[in-house]
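J.: If you want the building blocks of each chain, they are given just below.
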Amino acid sequence: DVKVTQSSRYLVKRTGEKVFLECVQDMDHENMFWYRQDPGLGLRLIYFSYDVKMKEKGDIPEGYSVSREKKERFSLILESASTNQTSMYLCATWPSYNSPLHFGNGTRLTVT
Amino acid sequence: AQSVSQHNHHVILSEAASLELGCNYSYGGTVNLFWYVQYPGQHLQLLLKYFSGDPLVKGIKGFEAEFIKSKFSFNLRKPSVQWSDTAEYFCAVRGDSNYQLIWGAGTKLIIKP
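Top line first, the protein sequences correspond to chains A and B. Residues in the first sequence are numbered from 1 upward in steps of one, following my numbering. Residues in the second sequence are numbered from 113 upward in steps of one, following my numbering.
It is possible that part of the hints are untrue.
Pairwise CB distance ranges (calculated) [to be verified]: (1) D59(A) to K220(B): 20 to 30 Å; (2) G174(B) to D1(A): 15 to 25 Å; (3) R9(A) to G141(B): 35 to 45 Å; (4) Y97(A) to K220(B): 23 to 33 Å.
Think of the hints as simulated: they come from the structure by calculation, not from any bench. For glycine and all other residues, C-beta sits at the position ideal for the given N, C-alpha and C.
Can you build the whole structure from these sequences, using the hints too?
T.: And the structure:
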């Protein structure tokens, strides 16, 4: 069974702080995604990575960056957290085209 | 641009009622279609998917969905819901020339015991 682990379930940060959200997978999947989930908006793609050191912007990359130094780890970075980045952040992996996404449990980030 | 529309943001039903959640998409080509479910406090998981073949797809826990190409729809159904079906349900679509999933806004389903 695929395991996608997000390092924190809940996180509270102050405006202006640099925030790191970590995601680790144990199945050697090439593709990894960061989404944010907001009520009434569904899931919106922030960034994705299709290989080590490779990254692509999603629909809402502003205010975020990512890092993928190793295949199993995909980090989302909020350079300077703002209150409008308060959200649920979901990491997912995708092994192949005919497969579904595998999600982590999410990190609920509150920026005060 | 591709989009996915889920008709209801909230649905409240009694146990044993029949369920139908609507999903419509806009994309002209071949699509892959998904329903994901998120139970309270749990991660998103796949309920069912359609890639090709029989347009009536059966998923886990008694759910099914029907792909109607002419209506650009992929509605989710269950003949008799249970309290444990309380969850948020997301429809998602991927075009055949694309890797990216486009998500609906989600439907929160509450089943009254």
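J.: Does each hint fit the structure? Answer for all of them.
T.: Do the hints match the structure? See the list:
no.	hint	in the structure
1	D59(A) to K220(B): 20 to 30 Å	22 Å, holds
2	G174(B) to D1(A): 15 to 25 Å	22 Å, holds
3	R9(A) to G141(B): 35 to 45 Å	39 Å, holds
4	Y97(A) to K220(B): 23 to 33 Å	30 Å, holds
Comparing the model with each earlier hint shows no violations; every hint is respected.
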